[in-house]
Amino acid sequence: DTEVTQTPKHLVMGMTNKKSLKCEQHMGHRAMYWYKQKAKKPPELMFVYSYEKLSINESVPSRFSPECPNSSLLNLHLHALQPEDSALYLCASSQVFGTVGANVLTFGAGSRLTVL
Amino acid sequence: GQQVMQIPQYQHVQEGEDFTTYCNSSTTLSNIQWYKQRPGGHPVFLIQLVKSGEVKKQKRLTFQFGEAKKNSSLHITATQTTDVGTYFCAGVDTGNQFYFGTGTSLTVIP
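These protein sequences, in sequence, are chains A and B.
Under my numbering, the first residue of the first sequence carries the number 1, and numbering increases by one thereafter.
Under my numbering, the first residue of the second sequence carries the number 1, and numbering increases by one thereafter.
No wet-lab data here; the hints were simulated from the structure.
Keep in mind that a hint or two might mislead.
Stated by the list, open to error - Derived CB-CB ranges, DEER-like: (1) A:Pro8 <-> B:Pro8: 17 to 23 Å; (2) A:Ser65 <-> B:Gln97: 21 to 27 Å; (3) A:Arg63 <-> B:Arg38: 28 to 34 Å.
Don't be surprised by glycine CBs; every beta carbon is placed ideally from N, CA and C.
Using the sequences and the accompanying hints, generate a full structural model.
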C-alpha cells in the first residue's frame, strides 16, 4: 500500500461547527504532516508529527488542533474556523522526518474545506 | 527568512516545445525535491537531488542542482499534454526544514 488516504474529500462547515479531517497511511512511515494549500499557491506547512510526537507547529491558530493517535493515523480537529480558512488541506507522510533520502513526501488527495 | 522562488510563474507552450522552470533559494540547501501537481490533484514526488552539480534524467525530464546548492532547474523536452500541471521545487535546508517554491504552472496547447 503506497497511498495516503484522506477523508472527507469535501467539507462545508459553518463558523460555529466542530469537524475533523482524517488521514491514514500504511506504509510504515513515521513522519506525518498537515499542509494547507490555497488556490495557485504552494502548500504551507502547518504541523509535523515524528514518531507520533508533535515536532513542528508553524504558529497555527488554536482553532486547528492536530492529533496523532498512532503511527498510521493523523487527525486535524477544526473548531470556530473563519472563511479565510477555506482551502485544500493536504496530509503527507515520509519514512522519517529530517533524514535525506527518507524525507520524500507522499501526499494524500486532500480535503477541500469551505467555511461559510 | 528562507525563500524559494520559481520562475516563470506561468508558461504556455505548444505541444512539442521544450519547457524549463528555475528554482532559486536565498540560502544554501541540503537537498532539493521536485513535485508535480496536476489540476485538481495533489503534489506527486518526481525526484530528489542531493549533490552539488547533480543532473538526473527521467525520460523527457532533466533535473539539475546548482554547484552552490542554491538553485535548481527542471527541463522538459518535447512537451506533451500529459505534462500539464504545476511544478514545485521544495528546498530542504540544513535544519531539515522544507521550503516549497512558488511553483510554475505549465499549460500545453495541443
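- Message: Quick check on a hinted range of 28 to 34 Å for A:Arg63 and B:Arg38, using CB atoms only.
- Response: Given range 28 to 34 Å: holds, Cβ gap about 31 Å.
- Message: The hint says 17 to 23 Å between A:Pro8 and B:Pro8; measuring C-beta to C-beta, is that right?
- Response: violated, 35 Å
- Outcome for the supplied range 21 to 27 Å, where the beta carbon pair is A:Ser65 and B:Gln97: Holds, at about 23 Å.
In this structure, only the earlier hint numbered 1 is contradicted, and the remaining ones agree with it.
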